[in-house]
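Participant: Residue numbers (the working numbering), protein chains in the order written: chain F, 1 to 136; chain D, 137 to 304.
Check each hint, because a few of them may be wrong.
To be verified - Distance condition first, Cα-Cα at most 27 Å in a straight line; then the derived DSSO-like pairs of lysine-lysine:
#	chain 1	residue 1	chain 2	residue 2
1	D	Lys300	F	Lys8
2	D	Lys263	F	Lys136
3	D	Lys300	F	Lys59
No wet-lab data here; the hints were simulated from the structure.
Read off the chains here:
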Amino acid sequence: MTIRKLVKIARAVAMFGATALLAQSGTIVATGTFHGAAHSTSGRATVYSDNTLRLTHFKTSNGPNLHVLLIAATDAQDNDDFIKKGIERVDLGPLKGNEGDQNYTIPAGTDLNKYRAVSIFCERFSVNFGAAPLDK
Amino acid sequence: MPEDAAYKFSKRRIVSTALALVVLFGLWYAFRPEKLFVNKRVAEPPPGTLGQLTPLYTGSFHSAARDTSGRATVYQQPNGSRVLTVSNFSTSSAPVLDVILLDGRSLANSQNFTPSDINGRDIGEIKASQPQQSYVLPADLDIDRFNTVAIYSADLHAIFGTAKLDAF
Numbered sequence: 001m002t003i004r005k006l007v008k009i010a011r012a013v014a015m016f017g018a019t020a021l022l023a024q025s026g027t028i029v030a031t032g033t034f035h036g037a038a039h040s041t042s043g044r045a046t047v048y049s050d051n052t053l054r055l056t057h058f059k060t061s062n063g064p065n066l067h068v069l070l071i072a073a074t075d076a077q078d079n080d081d082f083i084k085k086g087i088e089r090v091d092l093g094p095l096k097g098n099e100g101d102q103n104y105t106i107p108a109g110t111d112l113n114k115y116r117a118v119s120i121f122c123e124r125f126s127v128n129f130g131a132a133p134l135d136k
Numbered sequence: 137m138p139e140d141a142a143y144k145f146s147k148r149r150i151v152s153t154a155l156a157l158v159v160l161f162g163l164w165y166a167f168r169p170e171k172l173f174v175n176k177r178v179a180e181p182p183p184g185t186l187g188q189l190t191p192l193y194t195g196s197f198h199s200a201a202r203d204t205s206g207r208a209t210v211y212q213q214p215n216g217s218r219v220l221t222v223s224n225f226s227t228s229s230a231p232v233l234d235v236i237l238l239d240g241r242s243l244a245n246s247q248n249f250t251p252s253d254i255n256g257r258d259i260g261e262i263k264a265s266q267p268q269q270s271y272v273l274p275a276d277l278d279i280d281r282f283n284t285v286a287i288y289s290a291d292l293h294a295i296f297g298t299a300k301l302d303a304f
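Looking at chain D on its own, in the form it has when it is part of the complex (with noise of 0.2 Å):
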């Protein structure tokens, strides 16, 4: 009977629709093709403790005349001032260490300089055995140009290793 074909025929249709548009449902949740398109932005604040220390500039040192390593930071404090630390800091031991902040442009010869042959910044004196040290910077410091930090031995005359100051 005709009324009976058209039923049969409707309801596959109805069958086939139902099934393909589970497997459109399917397809679309396994590759988010809109993801292609559309940005998800975040903006979170910096955790809690975070909030009194901005992180500014940051680096690896690298080992130049002695075995070197640690990482040197500089951030901002809440007043404004800046401190650079080291931490997880270590070098070969001398009488008396001190951290300069040399201009990256005088660089040519690192290994080996009188202190006035160089552009640089005295910081103040560092322990090689103490992995973790803070020191206030002066207000009128570029780090900008002097962007790397130099391990400096007075009595060996030589720099024992070097952190170069990238953006955070």
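Next comes chain F alone, as it looks inside the complex (with noise of 0.2 Å):
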């Protein structure tokens, strides 16, 4: 046997392994991080194979009402008002606070082929803070 051989081998059992270990927890789905000029808002978020959205290196501004939003568009401009717009959403809670790392559940069913962007949303006044585009 040959060392090439031996070598690709061991290739294919770790392959085997390390494809066994992530078929069975979470992988990310889609990724992508957040821009946001008026009401700086930095980080990533990403979507997780068990439906979670998690933010990380987070950080927005403060203020009223802020809640956490997938919407149905590839992305947000500053200011944004999915009201006006007509964009559809799904509303994924309160934001739990304004800087750190945080989990949200999406709600089993959503697509994530139509809702391709997370927003910061500002719900007292109806406005985007932040948004970040979630590609595959």
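Combine the two chains into a complex, taking the hints into account.
Facilitator: Shown next as structure tokens:
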């Protein structure tokens, strides 16, 4: 048996182990980084295979009645008003904190081919504070 | 009578003070101005199933010689080893395709090169038709340096697509 063949077998075994592990635990489905200038928003939004949206390295300006939304668009601009624009949305709940890592549950059956961006939305004044496009 | 007038005056004052307080409370509730100065920090752990894998780097594939799409992500396993996965992956079929991690600084001529021209590490073969595949990375591999995943066809001598890995 040549060394090349041995290396191939070792790789196949390692690959099998890795694939098995990935199958049983949450992996990234889609991810993207926040942008927002008027209410400076930054960090990363990631959808995991167990239907969790997780924000990491997250920061936005604090404000009244902020919610985390999935919007039926590929992205959003500063201060966009989705209600006026008639953009469909899935409300994941009130923003838990304007800084830090946090998780939100995406309702089962949400079509991520339709809802392709996350928005931090001020419900009081209908203003988009920041958005992150979710790339698969 | 002066007593009456004083009574009326104070009653009006109470009413107007109460009204002013209600208006102030309404304004405060609507604008929550203290939030300009007060931050709320949270630090939730990753969801349960995620404890096993920690994403370290990720990036999307871009087409080069052929249409290529998908995502490349490097996870750390609990035992410390690192796994490169491609997900949602698609590229043009070829007899043999290799995954090569390229030194990002050697990519001046990224679409056409001889393997000796550039600095890269061959990680293994990849199937064009399989959307999800994984590779265990060598422990000594410096991903900050070898930060570009390339899909390489030796037969066509071409890079089908690349994904630049950014810190997660």
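Participant: Now tell me, hint by hint, if it's right for this structure.
Facilitator: Right, here's what the structure says about each hint:
no.	hint	result
1	D/Lys300 - F/Lys8	holds (26 Å)
2	D/Lys263 - F/Lys136	holds (19 Å)
3	D/Lys300 - F/Lys59	holds (25 Å)
Hint violations for this structure: none, all hints satisfied.
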